[in-house]
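2 protein chains.
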Amino acid sequence: MAKRITNRKDDYSQWYLDVVKEAKLADHSPVRGSMVIRPNGFALWENMKGALDQMFKDTGHENAYFPLFIPKSFLSKEAQHVEGFAKECAVVTHSRLKSVDGGVEVDPESKLEEELIVRPTSETIIWDSYRNWIQSYRDLPILINQWANVVRWEMRTRLFLRTMEFLWQEGHTAHSSEKEAVEETRRMLDVYKTFAQDFMAMPVKTGVKTASERFAGAVDTYCIEAMMQDGKALQAGTSHFLGQNFAKAFDVKFQDTDGEHKYVWATSWGVSTRLIGGLIMTHSDDQGLVLPPKLAPTQVVVVPIYRNDDQRTEVLDYANPLIKELKDKGVSVKLDDRENQQPGYKFAEHEAAGIPLRVAVGPRDVKNGNLELARRDTLDKNIISKDGAAEHISDLLETIQTDLFNAAQERTENVTRDVESYDHFKEQIEDGGFIYAHWDGTDETEAKIKEETKATIRLIPINGESEPGKCMVTGKESVQKVLFARSY
Amino acid sequence: MAKRITNRKDDYSQWYLDVVKEAKLADHSPVRGSMVIRPNGFALWENMKGALDQMFKDTGHENAYFPLFIPKSFLSKEAQHVEGFAKECAVVTHSRLKSVDGGVEVDPESKLEEELIVRPTSETIIWDSYRNWIQSYRDLPILINQWANVVRWEMRTRLFLRTMEFLWQEGHTAHSSEKEAVEETRRMLDVYKTFAQDFMAMPVKTGVKTASERFAGAVDTYCIEAMMQDGKALQAGTSHFLGQNFAKAFDVKFQDTDGEHKYVWATSWGVSTRLIGGLIMTHSDDQGLVLPPKLAPTQVVVVPIYRNDDQRTEVLDYANPLIKELKDKGVSVKLDDRENQQPGYKFAEHEAAGIPLRVAVGPRDVKNGNLELARRDTLDKNIISKDGAAEHISDLLETIQTDLFNAAQERTENVTRDVESYDHFKEQIEDGGFIYAHWDGTDETEAKIKEETKATIRLIPINGESEPGKCMVTGKESVQKVLFARSY
Numbered sequence: 001m002a003k004r005i006t007n008r009k010d011d012y013s014q015w016y017l018d019v020v021k022e023a024k025l026a027d028h029s030p031v032r033g034s035m036v037i038r039p040n041g042f043a044l045w046e047n048m049k050g051a052l053d054q055m056f057k058d059t060g061h062e063n064a065y066f067p068l069f070i071p072k073s074f075l076s077k078e079a080q081h082v083e084g085f086a087k088e089c090a091v092v093t094h095s096r097l098k099s100v101d102g103g104v105e106v107d108p109e110s111k112l113e114e115e116l117i118v119r120p121t122s123e124t125i126i127w128d129s130y131r132n133w134i135q136s137y138r139d140l141p142i143l144i145n146q147w148a149n150v151v152r153w154e155m156r157t158r159l160f161l162r163t164m165e166f167l168w169q170e171g172h173t174a175h176s177s178e179k180e181a182v183e184e185t186r187r188m189l190d191v192y193k194t195f196a197q198d199f200m201a202m203p204v205k206t207g208v209k210t211a212s213e214r215f216a217g218a219v220d221t222y223c224i225e226a227m228m229q230d231g232k233a234l235q236a237g238t239s240h241f242l243g244q245n246f247a248k249a250f251d252v253k254f255q256d257t258d259g260e261h262k263y264v265w266a267t268s269w270g271v272s273t274r275l276i277g278g279l280i281m282t283h284s285d286d287q288g289l290v291l292p293p294k295l296a297p298t299q300v301v302v303v304p305i306y307r308n309d310d311q312r313t314e315v316l317d318y319a320n321p322l323i324k325e326l327k328d329k330g331v332s333v334k335l336d337d338r339e340n341q342q343p344g345y346k347f348a349e350h351e352a353a354g355i356p357l358r359v360a361v362g363p364r365d366v367k368n369g370n371l372e373l374a375r376r377d378t379l380d381k382n383i384i385s386k387d388g389a390a391e392h393i394s395d396l397l398e399t400i401q402t403d404l405f406n407a408a409q410e411r412t413e414n415v416t417r418d419v420e421s422y423d424h425f426k427e428q429i430e431d432g433g434f435i436y437a438h439w440d441g442t443d444e445t446e447a448k449i450k451e452e453t454k455a456t457i458r459l460i461p462i463n464g465e466s467e468p469g470k471c472m473v474t475g476k477e478s479v480q481k482v483l484f485a486r487s488y
Numbered sequence: 001m002a003k004r005i006t007n008r009k010d011d012y013s014q015w016y017l018d019v020v021k022e023a024k025l026a027d028h029s030p031v032r033g034s035m036v037i038r039p040n041g042f043a044l045w046e047n048m049k050g051a052l053d054q055m056f057k058d059t060g061h062e063n064a065y066f067p068l069f070i071p072k073s074f075l076s077k078e079a080q081h082v083e084g085f086a087k088e089c090a091v092v093t094h095s096r097l098k099s100v101d102g103g104v105e106v107d108p109e110s111k112l113e114e115e116l117i118v119r120p121t122s123e124t125i126i127w128d129s130y131r132n133w134i135q136s137y138r139d140l141p142i143l144i145n146q147w148a149n150v151v152r153w154e155m156r157t158r159l160f161l162r163t164m165e166f167l168w169q170e171g172h173t174a175h176s177s178e179k180e181a182v183e184e185t186r187r188m189l190d191v192y193k194t195f196a197q198d199f200m201a202m203p204v205k206t207g208v209k210t211a212s213e214r215f216a217g218a219v220d221t222y223c224i225e226a227m228m229q230d231g232k233a234l235q236a237g238t239s240h241f242l243g244q245n246f247a248k249a250f251d252v253k254f255q256d257t258d259g260e261h262k263y264v265w266a267t268s269w270g271v272s273t274r275l276i277g278g279l280i281m282t283h284s285d286d287q288g289l290v291l292p293p294k295l296a297p298t299q300v301v302v303v304p305i306y307r308n309d310d311q312r313t314e315v316l317d318y319a320n321p322l323i324k325e326l327k328d329k330g331v332s333v334k335l336d337d338r339e340n341q342q343p344g345y346k347f348a349e350h351e352a353a354g355i356p357l358r359v360a361v362g363p364r365d366v367k368n369g370n371l372e373l374a375r376r377d378t379l380d381k382n383i384i385s386k387d388g389a390a391e392h393i394s395d396l397l398e399t400i401q402t403d404l405f406n407a408a409q410e411r412t413e414n415v416t417r418d419v420e421s422y423d424h425f426k427e428q429i430e431d432g433g434f435i436y437a438h439w440d441g442t443d444e445t446e447a448k449i450k451e452e453t454k455a456t457i458r459l460i461p462i463n464g465e466s467e468p469g470k471c472m473v474t475g476k477e478s479v480q481k482v483l484f485a486r487s488y
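Here the protein sequences line up with chains Y and G, keeping their order.
Each residue of the first sequence is one higher than the one before, counting from 1 in UniProt numbering.
Each residue of the second sequence is one higher than the one before, counting from 1 in UniProt numbering.
Some hints could be false.
One copy or two, either will do: identical chains are not told apart, so a pair holds if it fits within one copy or between any two.
The list that follows gives simulated cross-link-like pairs (lysine to aspartate or glutamate, EDC-like), each with its CA atoms no further than 20 Å apart [what the hints assert, rightly or not]: (1) Lys294 to Asp337; (2) Lys77 to Asp107; (3) Lys57 to Glu46; (4) Lys98 to Glu113; (5) Lys98 to Glu83; (6) Lys179 to Glu260; (7) Lys87 to Glu372; (8) Lys3 to Glu413; (9) Lys111 to Asp286; (10) Lys49 to Glu62; (11) Lys57 to Asp336.
Since the hints were made in silico from the structure, they are not lab data.
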C-alpha cells in the first residue's frame, strides 16, 4: 500500500491533515471553517469529556445548559468583552425563509427587532441568569459547567485547532469573595493540568497571561501551554478570574453575612475540541495517529490471521477467551474479524487510527501458545506467551501511557531554554521551542518582540524561578523571566 | 409554608409551570422561546441521555457531530423538507458587529454571500457528507447518531414541551436496501418505546402517522404517543423511513453487489428535551415533581433530625453506614445535612424536586433502631427497622418504578375507548383521552375532524386490531380504527 501520510519533516501541516484524514477523525464541511467530527474523532472527544466531567463533578460542579442565542445588547454590557468578540460573531437577523422560483430566500418581513448573536462564549447570558438566582451569601458559590457548541467567525481555520464552530465546556462560577474566586480559578487550572498530563500524556506549562493576551473581560487569565512537535506552542486551556466585571455589567449583588450588598466575584474556564489537535500533534508519527491508552476508544485490537475456515475457527477459538479476559479487566478491546479485508490492510488501518496495541494471532501462534503484540507508539513487535497475556497487556497499556508522557516531556524540555540577550533570542526562536527570557513588563516591548520575531509571551510563571534581571530588549528591570514561543 | 404549586384541577398549565419552577428544572430565558436548563433539569437529561445512548450503542450506532450551520441552498434540495422548515428558521446573515456610540451594530460589510440556517434538523448537512463516505455496499450500513441543539422558530413556546432551541438526539442511517431501512426505522421505534416505558415509566402507543402529520421529507413517520394527565396526547418520539428522498436530493449512490449503482435508503429518528415535559406530566402531582427511580439523579435523600450537636453526631453516626451501604448497592443517595434549613423546609424541597424516597432519622429512631421512610409517589410514610434497610430501600425503588408505570398505564387505559359515531366522538373528545375510531383514509376527512373537534389522528396502529369498518364521518370504507386525541 502506498504511504498515505506525508512525513513530518517534509510538510508538517500536510502531515497533520493526513493524520486526521487517515484516522477518520474529521472532515472539512461545506460550511467554510466548520468541520464534521467523524465517529472516531467523536469517540475520542467522548472519552475526554467523560474524564473531564468526572473531574468537574469531583470538584463540586454541576452541569446546566444556557441558550445558544445571546441578544446583541447583552454583549455590549461589558466593554472589553464586546470589543474582544464583536469582530467574530455569527448574527441571526431573520426567522423565516420564503419560497421563490427554484429555491428559497430570506423573508424580509421576518426581520428581528433585536439581532441575536450565536454564542462565542456564554458569560453574558449566564450572568443575566445569575442575577435572578443570587440574593444572599447562602446562594453562593454557584459552581456550574456547560458542555456546548460555540461559534467564532474565524478566517484561517484548521481542523480541531481553529474552527468556526467548536465544541467545548465552559465553567462559570460565582463567589462571595475575591479570595475564593481566585482559588477556584487556580483549582480549575490544576484540573486542566492534571487532565492534560495524566490522560492526554501531554506535558504542559502553567502560568498567567499578559494583559494583551487576556480573555476579553477577565482580570487575569491563567493557561496551560503545550509544545508541539514542530516547535510551536499550543494554548490548550484557560481559566479566568473575572473579578466583579460581569457582576457589575449585569448588576448581580448578594447580601453578605454583614448585611451589606456586594457585587459577586466570578470565574470562567474552558477547554475545547482544540485539545484533540494538541493530542494529535503531541504523540503522532509518520505512520499516523498515536493515542494514549487512557483516552483511546479502542485500546487493543485483535486481528485473526488464517487461510481457510478451519484455521479461522481455530484462531478465533484461541483468541476469544483472551478477549473476554481483557474485557473483564476493563480493557477496551475489539476483534477485527472482517472477512473482506486482508491482515496487512487491517494493520495499516489500525496503525493510522492510533490504536495503542495490536494483537495478531495465526495458526502458528495457536500451535506454540503465543501471540504477536505490536505497540503503536514504538512500533515494536514481540511474541509473548498466551499464558498471562491479559495481565501483560493490561500492564503494558499503563507502560505505554507513561512512556508517551515521558517522551513528550523529554521533547519539550529539550526545546526549552533560557536566553539572556535579544540577539540570541532572535536566533534561537527560529529553532522553535520554549524560551525563558526577561521582559520589562510593558505592552510596548511585548508588541515589539512579537512584531520582530513572531514570538509571544505564552505565560508568566506563577511559582516559577523568580530571580529578577534586566529585560533582554530594553535593559529595564524585570521581576522574573517569562515564557516565549511562536504559537498556534 | 404556603403552598407554592397550583392544583392541577384549578389550572393545569399553571400547575405545570409551578412544578418546573419549584423543582428548579428550568427558567425562561431573556431570548423569547429559549430556556435555561438548570442543574436539576440537566442532571435528569444526562440520565435520560445516558440510558438512550447505551441503547443506541447496543444496537450498533456510533456518535458523530455535524455542523450547526446549514447553507441555505442545502435546505432547498429536498422539496418537502424545505417546505416543512422554511417558516421556522433562524437565519445567520452577517459575521461581525461594529462599535457605535453606546453599543454595537451589525456591520453591513460583513454580509454573507450565502445565508446560513441554524439547523432545525440535520438531514441535509449529513447527507451531503454521506455522499463522500459511501461508494460501495461495503460502506453500508452507516449507523450514526448525533446529540445536538437545534432551533425551530416557534411562536407559542412552553418550557421543555415546545421551545425555540432544544436539545435532542438525531439518528441518521444509510442502508443498501429498503427492507433494511424499514427494519431500522421500526427497531428505533422499539428502542424509544422501551426507553419510555422501562425508564420513564411512561406508557406509549406506537404506530405510523398519517400523510399530513409526517416529517417533512419522510415516506413514513412512526411515533410513540403518550397520554398526559389533562387528557391531551404528547408525541414523544419519532422514527422516519426516508426512502431514497435525501439520497436523490444529495446524489448519494452506492455500487451494489451486482455492480449496479443505486440510491441509498435512509432513516432518521429523534427524541428531545420534550421528553422531560412528558415525564413531568405523566407522574407529577399537586405537591410537585415525581420522578421514576431509574432516572432520578438522586434516588434517596437522607434527612437527619436533631436539636443539638450531640444529637447531630448521634444521628449522623447512625445514618452514615446506611448511606454507605446504599451507595455500595448502586443507589444514588444524598445526605441533606445543611445546617441553615429546618427539616420541614427540606422535606418540602425534596418533595417538590421529586426525589423518590426520603429517609428521616431522629434520636428516637436511633434509640429504637428504626428509620422513617417516605415515598414520594404515594406520599406514604412508614417506620422500618434499620436492619436490612438498605435491601428494603433498594427493592422499594424497583417497586416504585413498577407502580409508577402501572398507575400511568391504568390512567391511560381508563381514558382510551372506542367510538363508533361521529356525534359520540364529538361528545367524547371533550373529555380528552385517546379515542379509537374509523376513518376513511382521506386528508379531507382528517382535516374536517381536526377543524371541528381539534382532535388529530395521533397514529395508525401498526399491528393493532385491524377489523375493517365504516368511517365515522363519511361512512366510507375504513381498513382499521385509528387513534385520535387532542394533543400538545
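Status of each hint after checking the structure:
1. Lys294 to Asp337: The answer is neither: 24 Å in one copy and 36 Å across copies each exceed 20 Å.
2. Lys77 to Asp107: between (30 Å within a copy, 18 Å between copies)
3. Lys57 to Glu46: Close inside one copy (16 Å) and across copies (13 Å); limit 20 Å.
4. Lys98 to Glu113: So Lys98 and Glu113 pass the 20 Å test inside a copy (19 Å) and across (18 Å) alike.
5. Lys98 to Glu83: Between. Shortest inter-copy distance 9 Å satisfies the 20 Å Cα cut-off; intra-copy 35 Å does not.
6. Lys179 to Glu260: within (18 Å within a copy, 70 Å between copies)
7. Lys87 to Glu372: neither (55 Å within a copy, 60 Å between copies)
8. Lys3 to Glu413: neither (31 Å within a copy, 65 Å between copies)
9. Lys111 to Asp286: neither (52 Å within a copy, 42 Å between copies)
10. Lys49 to Glu62: both (14 Å within a copy, 16 Å between copies)
11. Lys57 to Asp336: between (36 Å within a copy, 18 Å between copies)
Hints 1, 7, 8 and 9 from the list above are not met by this structure, while the remaining hints are.
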